[in-house]
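Protein chains in written order, with our numbering: chain Y, 1 to 233; chain D, 234 to 433.
Careful, some of the hints might be misleading.
DMTMM-like mimics (lysine to aspartate or glutamate), calculated; alpha carbons at most 25 Å apart, straight line [what the hints assert, rightly or not]:
id	chain 1	residue 1	chain 2	residue 2
1	Y	LYS145	D	ASP335
2	Y	LYS136	D	GLU342
3	Y	LYS145	Y	GLU125
4	D	LYS367	Y	GLU143
5	D	LYS333	Y	GLU125
6	Y	LYS230	D	ASP302
7	D	LYS310	Y	ASP135
8	D	LYS310	Y	GLU143
Just so you know, these hints were derived from the structure itself, not from any lab. Quick caveat: nothing in here was measured; it's all calculated off a predicted structure.
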Amino acid sequence: MKARAFRFAAAALLVLFGIWTGLRLNASRVSPAPPPAIVQVPAGEASPPGLRDEQPESESLPLPTIPEKLPDFTLGDRTGTPTPISTWRGKSLILNFWATWCAPCRREMPLLATLHATWAGRGIEVVGIAVDYRDKVVSFADELKIPYPLLIGEQDALDVATRLGVESPVFPFTVFTDGRGDVVTLFLGELHPPQADLILSMVVSLNANRISLQDARRRISDGLHDLRAKSGG
Amino acid sequence: MMHPVTRLIVRTLVVAAAAAGLAGLAAAKPWWMRGIDSNENDFLPPDVAFRVSSSVDGNTVRVHWSIADGYYLYRQKMNIQAESPDLVLSSPTFPPGKLKSDPYLGTQEIFVQQVEGSASYTRTDGGAHPIEVKVAYQGCAEAGLCYPAITKVLFPGVNAPTPPATGHPWERTAILSGGLAFFLAGLLLKKGRRLDTPAT
Chain Y
1 MKARAFRFAA AALLVLFGIW TGLRLNASRV SPAPPPAIVQ VPAGEASPPG
51 LRDEQPESES LPLPTIPEKL PDFTLGDRTG TPTPISTWRG KSLILNFWAT
101 WCAPCRREMP LLATLHATWA GRGIEVVGIA VDYRDKVVSF ADELKIPYPL
151 LIGEQDALDV ATRLGVESPV FPFTVFTDGR GDVVTLFLGE LHPPQADLIL
201 SMVVSLNANR ISLQDARRRI SDGLHDLRAK SGG
Chain D
234 MMHPVTRLIV RTLVVAAAAA GLAGLAAAKP WWMRGIDSNE NDFLPPDVAF
284 RVSSSVDGNT VRVHWSIADG YYLYRQKMNI QAESPDLVLS SPTFPPGKLK
334 SDPYLGTQEI FVQQVEGSAS YTRTDGGAHP IEVKVAYQGC AEAGLCYPAI
384 TKVLFPGVNA PTPPATGHPW ERTAILSGGL AFFLAGLLLK KGRRLDTPAT
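Can you build the whole structure from these sequences, using the hints too?
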């Protein structure tokens with residue numbers, strides 16, 4: 001009798017597990033994007049009109065190839081002076097890719113200004129990378145009094161995005177590196193204070209050798225997942 | 234003693250649940266495989282967020298956009314132009330959009346869910362070539378991501394080839410697991426079956 005009850009209980013548990021698994025699988029199918037952090041943009045015209053690229057539709061989301069190390073690149077600053085990213089060698093970087101036409105890019109700028117004010121003297125530098133026409137960016141930056149350094153480019157900036165694994169441009173996205181130039185994470189979409197705090201706390205821990213890079217990435221991944229769950233996203 | 238039918242149901246459920254569980258484990262993505270793409274997201278690729286199709290209705294070209302939930306298109310950025318040289322297209326018309334206020338961009342007209350734009354056309358070659366139009370659109374996700382302007386060349390009036398069915402990997406796994414479960418259940422049924430054969 002006991003053995004039969006046990007078999008029933010085991011069967012019931014397995015059935016529940018099966019149903020739960022099915023629901024999870026179905027949920028992952030309804031939201032088909034999870035694995036990659038990068039969205040492929042098949043056809044598009046980058047912010048400067050004229051970079052047209054017509055391609056067939058695709059629903060595949062290839063995994064991004066984000067480099068372990070921040071690649072070397074050079075873009076013009078606000079005055080047009082070619083500025084290598086190695087200018088900030090030894091510092092942790094918050095590289096924010098944006099465009100003037102992108103509303104969420106504009107929305108996160110006050111946060112980036114705050115991060116700049118908070119961290120610039122502590123070894124973490126915010127650098128905006130505008131993928132847009134230089135004159136538009138400069139006038140926009142002057143109007144908003146963007147306090148942090150800006151690098152500006154069109155196709156050359158798109159090339160940098162590609163080298164960072166963002167094959168086709170979507171904005172905004174932000175790359176965080178540690179003081180050794182390791183890419184800690186690439187955050188896609190509008191950055192909010194809790195996410196920035198989480199990532200930067202890991203960058204600080206990395207720079208202080210209190211945590212390994214792999215562990216930092218895992219904690220960021222888990223932390224962002226929790227933040228999303230809390231916000232209902 | 235358990236009734237044979239009950240036993241069969243239990244065994245089938247056990248096997249099916251185990252198969253589904255294995256399928257689930259196979260589909261799960263452990264953290265160490267996530268690499269450094271640590272902000273998992275639900276952002277859709279633009280061609281999924283904004284599905285576009287076109288048709289010809291008399292002397293009118295119609296372009297239809299189907300917009301995923303949580304995404305929108307800017308009315309101001311939408312356009313339909315003639316692409317084939319023999320085609321003369323009127324200015325496209327779009328319905329009024331929904332007003333969206335943005336502290337930085339001001340009030341914008343946007344489309345959600347779906348929208349159709351249309352333009353009347355005339356042809357100078359008597360229809361020797363298929364109609365070819367170029368559409369442009371640009372949109373964002375409410376969650377805070379924008380896609381650059383997209384342009385596509387469409388052939389309204391030409392039946393688009395039906396794309397091959399592309400199931401997700403878990404679907405194939407589930408089908409195989411289900412088949413395996415039924416096969417095993419069948420074996421169990423055969424094993425557990427008691428034939429009411431007359432005593433000899």
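Exercise for review: Could you work out which earlier hints the structure fails to respect and list their numbers in ascending sequence?
Suggested key: 4, 5
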